[in-house]
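J.: Listed below, chain by chain, are the residues.
Protein chains: 2
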Amino acid sequence: MQHISHKDIENYDRFYRGNLINSVTGFKSANLLATRSIDDIDNVAIFSSVTHLGSNPAMFSFVQRPLGHGVGHTYQNLKATGKITLNHVNMNLVDRSHQSSAKYDEQVSEFNELGIELLRRNDFIAPFVNEATIQVAAEYVNEYPIKENNCILVICKITDIFIQPNILHQDGWLDISKAGSVAINGLDGYAVAKTRKRLSYAQVDKELEELSIDNDA
Amino acid sequence: MQHISHKDIENYDRFYRGNLINSVTGFKSANLLATRSIDDIDNVAIFSSVTHLGSNPAMFSFVQRPLGHGVGHTYQNLKATGKITLNHVNMNLVDRSHQSSAKYDEQVSEFNELGIELLRRNDFIAPFVNEATIQVAAEYVNEYPIKENNCILVICKITDIFIQPNILHQDGWLDISKAGSVAINGLDGYAVAKTRKRLSYAQVDKELEELSIDNDA
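Those protein sequences? They're chains A and B, same order as listed.
Under numbering that gives the first Met the number 0, residues 0 to 216 are what the first sequence spells out, in order.
Under numbering that gives the first Met the number 0, residues 0 to 216 are what the second sequence spells out, in order.
The reader is advised that the hints may include incorrect statements.
[Claimed, not checked] Short derived list, chain A residues pointing at chain B, Cβ under 8 angstroms: (1) Ala29; (2) Val62; (3) Trp172; (4) Lys196.
[Unchecked claim] Dumping the calculated BS3-like pairs for lysine-lysine here, alpha-carbon to alpha-carbon at most 25 angstroms: (5) Lys196/A to Lys193/B; (6) Lys146/A to Lys82/B; (7) Lys205/B to Lys102/A; (8) Lys82/B to Lys78/A; (9) Lys193/A to Lys177/A; (10) Lys78/B to Lys196/A; (11) Lys177/B to Lys193/B; (12) Lys78/B to Lys6/B; (13) Lys102/B to Lys205/A; (14) Lys146/A to Lys156/B; (15) Lys6/A to Lys156/B; (16) Lys82/A to Lys196/B; (17) Lys196/B to Lys177/A; (18) Lys177/A to Lys177/B; (19) Lys193/A to Lys193/B; (20) Lys78/B to Lys102/B; (21) Lys146/B to Lys156/B; (22) Lys177/B to Lys193/A; (23) Lys6/A to Lys82/B; (24) Lys6/B to Lys177/B; (25) Lys82/A to Lys6/B; (26) Lys156/B to Lys82/B; (27) Lys156/A to Lys102/B.
Hints were generated in silico from the structure; no laboratory data involved.
The model shown is predicted, which means the values in this text are computed figures rather than measured ones.
Glycine residues also receive a C-beta, built at the ideal position from the N, C-alpha and C atoms.
Could you put the whole structure together from the sequences, leaning on the hints where they help?
T.: Right, here's the structure in full:
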């Protein structure tokens, strides 16, 4: 195997290092996080750092890069309004989602600019992405500043979930490959994922069983 | 679309809720984290919460579930020795990797118990998973207790990377689908992912270009 050492990593230029280190921890989730500013501008931006944090209470985290220079509208709006939506990226949305990472002025709505169709639900202030087959409403809970690199771990609580009924299984599991959700490879690679097997809860001295991934809902 | 409300989520039994909430944030990385205890027991366990945290310094995080009842050997060993390895799960490793989440006694090595081939590299105390096509050596940096659910966000610094040369591209990007790395869907679903496109760095008023995913290395 090829060995890349600590010194190699330090000596690479920032683009090479960014590509390498963003790829090496495995596939990442692909979500559009949408918020609305106190000036009524609807913001949407792609994030690859959304991670399941716990089911009870139902929470996810995302990593906010260091603030400044046009970065952090999602975070600012979430702090100001308390509300955010998470919307799964599918292949039809990939190009527009990727472009949402450009540093648009905070007075510009990426929904309008990129032709991402907005969906407003009742009195929830944050907008949803209409084309997303999985949409989640959430609210701000807390944040942890990461002193090692000035990022912020932001924690949100899931309040509502909107899905296509055919992806929900009898035991609550969602077939997110059937929903068309993509995975991210590195900074800029988009992958189609096909769920191949489910396995039973692992216990010592018990054989694993394969669970059906045909939808019996 | 089907609407699942806050009250629905709270009222589900824990298994249904666990399946749903673990699926709804998107695909997750699939890694075997390996450590060695101060009693010389080699430990390996699957984690779906490993997330890229930054490239300079090169860091990843993982979420340690609340400690106790046979949980936390990875975390304890990492704290005691300072070292850990991250190894990508591929389809051949899925069954044994999933079984590593059973609560084995800390005197039991999952490598032996599950037939996962161990690789020792020089004087690095933590073992590697020989069948993994991407292997990473890392060290403990810091941790942030998450007060909302008693989890711990653990931060590690990447010190060495071992890869098959054919997955490394000229700009540092790794084709982790070519490496056979899988993605996790929920608590127990395993997906094969195929990277379909790479896109250029997004800038305001500039058209995206598609980057080649054929390896020119």
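J.: Would you mind marking each hint as holding or not holding in the structure?
T.: Status of each hint after checking the structure:
Hint status for alanine 29/A: holds, given a least beta-carbon distance of 6 angstroms to chain B, under 8 angstroms. Against a cut-off of 8 angstroms between C-beta atoms, the interface hint on valine 62/A holds, since the closest Cβ of chain B lies about 7 angstroms away. For tryptophan 172/A, the interface hint holds, the least distance from its beta-carbon to any beta-carbon of chain B being 4 angstroms, beneath 8 angstroms. Because the smallest distance between the Cβ of lysine 196/A and any Cβ of chain B comes to about 6 angstroms, under 8 angstroms, the interface hint for this residue holds.
For the proposed pair lysine 196/A and lysine 193/B, the alpha carbon gap of about 16 angstroms is at most 25 angstroms, so the pair holds. Restraint check for lysine 146/A and lysine 82/B: the C-alpha separation of about 21 angstroms stays at or below 25 angstroms, so the hint holds. For the proposed pair lysine 205/B and lysine 102/A, the alpha carbon gap of about 12 angstroms is at most 25 angstroms, so the pair holds. Between lysine 82/B and lysine 78/A the alpha-carbon distance is near 36 angstroms, which puts this suggested pair outside the 25 angstroms criterion.
Simply put, lysine 193/A and lysine 177/A have alpha-carbon atoms about 8 angstroms apart, close enough for the 25 angstroms limit, and the pair holds. Between lysine 78/B and lysine 196/A the alpha-carbon distance is near 34 angstroms, which puts this suggested pair outside the 25 angstroms criterion. Restraint check for lysine 177/B and lysine 193/B: the C-alpha separation of about 8 angstroms stays at or below 25 angstroms, so the hint holds. Straight-line distance between C-alpha atoms of lysine 78/B and lysine 6/B comes to about 39 angstroms, which puts the hinted pair past the 25 angstroms bound.
A threshold of 25 angstroms between alpha carbons decides the hint, and for lysine 102/B with lysine 205/A the separation of about 12 angstroms falls inside it, so the pair holds. Between lysine 146/A and lysine 156/B the CA atoms are separated by roughly 14 angstroms; this keeps the pair inside 25 angstroms, and the hint holds. In summary, the hint linking lysine 6/A to lysine 156/B is supported, as the alpha carbons are separated by about 13 angstroms, within the 25 angstroms threshold. For the given pair, lysine 82/A sits about 32 angstroms from lysine 196/B by alpha-carbon distance, which is inconsistent with the 25 angstroms threshold.
At roughly 19 angstroms between alpha-carbon atoms, lysine 196/B and lysine 177/A fall within 25 angstroms of each other, so this suggested pair holds. Pair hint lysine 177/A plus lysine 177/B holds up; C-alpha atoms about 22 angstroms apart against a cutoff of 25 angstroms. Only pairs whose Cα atoms come within 25 angstroms are accepted, and lysine 193/A paired with lysine 193/B is accepted, the gap being roughly 9 angstroms. The straight-line distance between the Cα atoms of lysine 78/B and lysine 102/B is roughly 19 angstroms, inside the 25 angstroms bound, and the hint therefore holds.
Pair hint lysine 146/B plus lysine 156/B holds up; C-alpha atoms about 23 angstroms apart against a cutoff of 25 angstroms. Between the alpha carbons of lysine 177/B and lysine 193/A the distance comes to roughly 15 angstroms, so the proposed pair stays at or under 25 angstroms and holds. Between lysine 6/A and lysine 82/B, the direct Cα distance comes to roughly 18 angstroms. Compliance with the 25 angstroms bound is thereby established for this hinted pair. This hinted pair does not check out: lysine 6/B and lysine 177/B have alpha carbons roughly 42 angstroms apart, beyond 25 angstroms.
About 18 angstroms separates the Cα atoms of lysine 82/A and lysine 6/B, which keeps this hinted pair within 25 angstroms; it holds. The hinted pair formed by lysine 156/B and lysine 82/B meets the criterion: a straight-line CA distance of about 10 angstroms does not exceed 25 angstroms. Taking the CA atoms of lysine 156/A and lysine 102/B, the gap is about 29 angstroms. The hint is violated against a cut of 25 angstroms.
Checked against the numbered hints given earlier, the structure breaks hints 8, 10, 12, 16, 24 and 27 and satisfies all the rest.
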